[in-house]
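Enquirer: As they're listed, the protein sequences go chains A and B.
Under numbering that gives the first Met the number 0, the first residue of the first sequence carries the number 0, and numbering increases by one thereafter.
Under numbering that gives the first Met the number 0, the first residue of the second sequence carries the number 0, and numbering increases by one thereafter.
Read the hints as simulated data drawn from the structure, not as lab findings.
Note that the Cβ used here is the ideal one computed from N, Cα and C, for glycine as well.
Treat the hints with caution; some may be incorrect.
[Unchecked claim] Just so you have them, the derived chain B footprint on chain A, three or more residues with Cβ under 8 Å:
1. 36-42
2. 57-64
3. 72-83
4. 140-150
5. 156-169
6. 255-269
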Amino acid sequence: MASIERIIRLAFGACALLLLVMAAPATAQQVNPTASAVKEQQLLQELNRIQGRVSIPDQRSGVLEQPQGREWREFRNVTLRWVGGVAILGMIAIIVIFYLSVGMVRLEAGRSGRTIVRFNMFERFVHWMTASCFIVLAISGLNITFGRPLLLPLIGFEAFSEWSQWAKYAHNYLSFPFTIGVVLIFLMWIGGNIPNKVDVDWARRGGGLIGHDHPPAYRFNAGQKMIYWIVVIGGGLVAITGYALMFPFYMTGIEAMQMAQIVHSIVAVLFVAAMIGHIYIGTIGMEGAFEAMGSGEVDVNWAREHHSLWFDQETARAGPDDGQSRPATEAAE
Amino acid sequence: MARMKFLCDADRCIECNACVTACKNEHEVPWGINRRRVVTINDGKPGERSISMACMHCTDAPCAAVCPVNCFYTTADGVVLHSKDLCIGCGYCFYACPFGAPQYPKVGNFGSRGKMDKCTYCAGGPEADGSKEEYEKYGANRLAEGKLPLCAEMCSTKSLLAGDGEIIAQIYKERVLKRGYGSGAWGWKTAYRETIES
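Using the sequences and the accompanying hints, generate a full structural model.
Expert: See the structure below:
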């Protein structure tokens with residue numbers, strides 16, 4: 000027994016010695032094992048992010064480091080607040096100055112007492128569905144950007160969090176009817192919103208906003224066409240980028256989500272500023288304008304003054320009844 | 000007070016994933032969420048390195064800066080924590096984080112990111128230290144018991160170091176000096192705007 004044991008021990012010893020002898024040249028060379036090792040700064044310079052392999056199921060966690068969140072942070076905390084603040088407060092300032100100096104744009108001929116249908120039930124439904132969603136989306140969205148510096152100090156952490164939580168749910172869920180509204184607006188009013196030569200003249204005369212000028216216009220004047228395209232393009236952009244953020248990683252990685260948030264928020268604050276202008280003109284800015292979306296019927300004199308070409312088309316279609324009361328000068332235009 | 004930091008010595012990490020498992024078990028982390036992960040770079044190629052990564056508890060933390068409801072706070076030990084009662088699950092911290100630390104449990108239908116979850120440096124949350132509520136929301140509070148994060152404590156090769164930033168940096172420097180090489184303190188420049196020469 001003892002002899003067998005000794006033989007085994009000897010054999011092992013010989014093997015170990017052999018290994019040592021073979022390994023000796025390698026250790027003698029003083030190999031630096033990090034000579035070819037990956038370096039953090041070098042990887043960051045190459046790609047601005049470091050990605051590798053993970054053995055857990057969540058493959059997205061393979062991104063080790065992506066410092067570009069810093070630029071996004073700068074945008075979200077500084078740039079966006081400036082752009083949004085200037086756009087929205089600037090728009091409000093312009094409106095206030097305009098209202099104080101010019102006041103409500105009156106109907107020059109006064110009310111005729113007769114009305115003409117401008118928007119039917121369905122058009123008004125789509126408008127108000129989109130508009131009411133937009134107001135909630137705008138307030139809940141502005142809360143994410145401006146709530147922390149403005150509202151949080153006033154109402155405290157718990158109340159602000161509670162409100163923001165509900166605002167987030169509203170923002171997410173109302174995005175769906177809003178998107179449907181934008182699509183319907185695009186389809187139902189595209190016919191009247193293709194820019195044409197009349198718009199050039201309308202825009203050159205400043206839309207008749209100042210003074211008593213009334214440049215001719217079809218159903219939608221150049222200003223309304225602008226609002227239309229802001230809603231369609233702006234609404235489309237916020238919808239696409241919004242869904243990219245709402246369903247993380249379904250469409251994009253994290254860098255594209257930062258980009259999506261930048262586009263979403265910039266377009267949104269400009270959209271809000273444009274809509275403030277739209278709300279002003281549609282309510283206290285112009286006599287007789289609200290009825291178009293209120294009851295759907297506008298005064299004939301309003302239609303004559305602001306949409307003379309559309310009024311001509313409508314009366315021509317409706318028959319000579321309305322056409323008789325039309326002054327010759329209007330028709331000449 | 001100490002300034003707590005993590006340091007992963009990539010030349011020692013053997014990608015055993017024990018830190019990942021220990022973290023999940025210690026805190027009973029929700030399904031689908033990994034507060035810590037091991038990323039292998041240049042896998043199978045010369046110069047391959049593995050790095051264990053979690054929340055780095057950054058100086059001037061980006062997550063805290065962009066949070067719309069201001070739910071983050073930094074403890075006296077420099078640990079970045081957050082309140083799940085205040086978090087609204089908007090995803091902003093996750094856009095800002097350089098290390099992919101914030102994660103959200105899937106709650107309800109589309110868009111409803113749950114309350115954000117991330118590494119707490121084994122320091123719990125705003126609830127009373129060691130309370131049941133704290134454990135349920137954030138996991139164990141080892142720091143309050145005078146212990147360091149479990150991932151680093153049980154690292155078999157002592158690759159992952161946790162503790163006061165100056166002390167673990169010193170340990171790392173001595174290692175680099177003794178063995179003659181080191182691939183650097185991964186993430187330190189991004190997280191703490193400083194680095195350890197190697």
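Enquirer: Hints first: check each against the structure and report whether it holds.
Expert: The hints, checked one at a time:
Using a Cβ-Cβ cut-off of 8 Å, 6 residues of the stretch 36-42 of chain A lie near chain B, which meets the minimum of three, so the contact claim holds. Proximity of the stretch 57-64 of chain A to chain B, defined as three or more residues with a beta carbon under 8 Å from a beta carbon of that chain, is established by the 7 residues found. Only residues whose C-beta sits within less than 8 Å of a C-beta in chain B count toward coverage, and the stretch 72-83 of chain A has 3 of them, enough to reach three; the restraint holds. Coverage of the stretch 140-150 of chain A by chain B holds in this model, with 5 residues showing a Cβ closer than 8 Å to a Cβ of that chain against a need of three.
Coverage of the stretch 156-169 of chain A by chain B holds [criterion: at least 3 residues with CB-CB distance below 8 Å; count 8]. Counting residues of the stretch 255-269 of chain A whose C-beta lies closer than 8 Å to any C-beta of chain B gives 3; at least three are required, and the coverage claim holds.
The structure agrees with every numbered hint stated previously.
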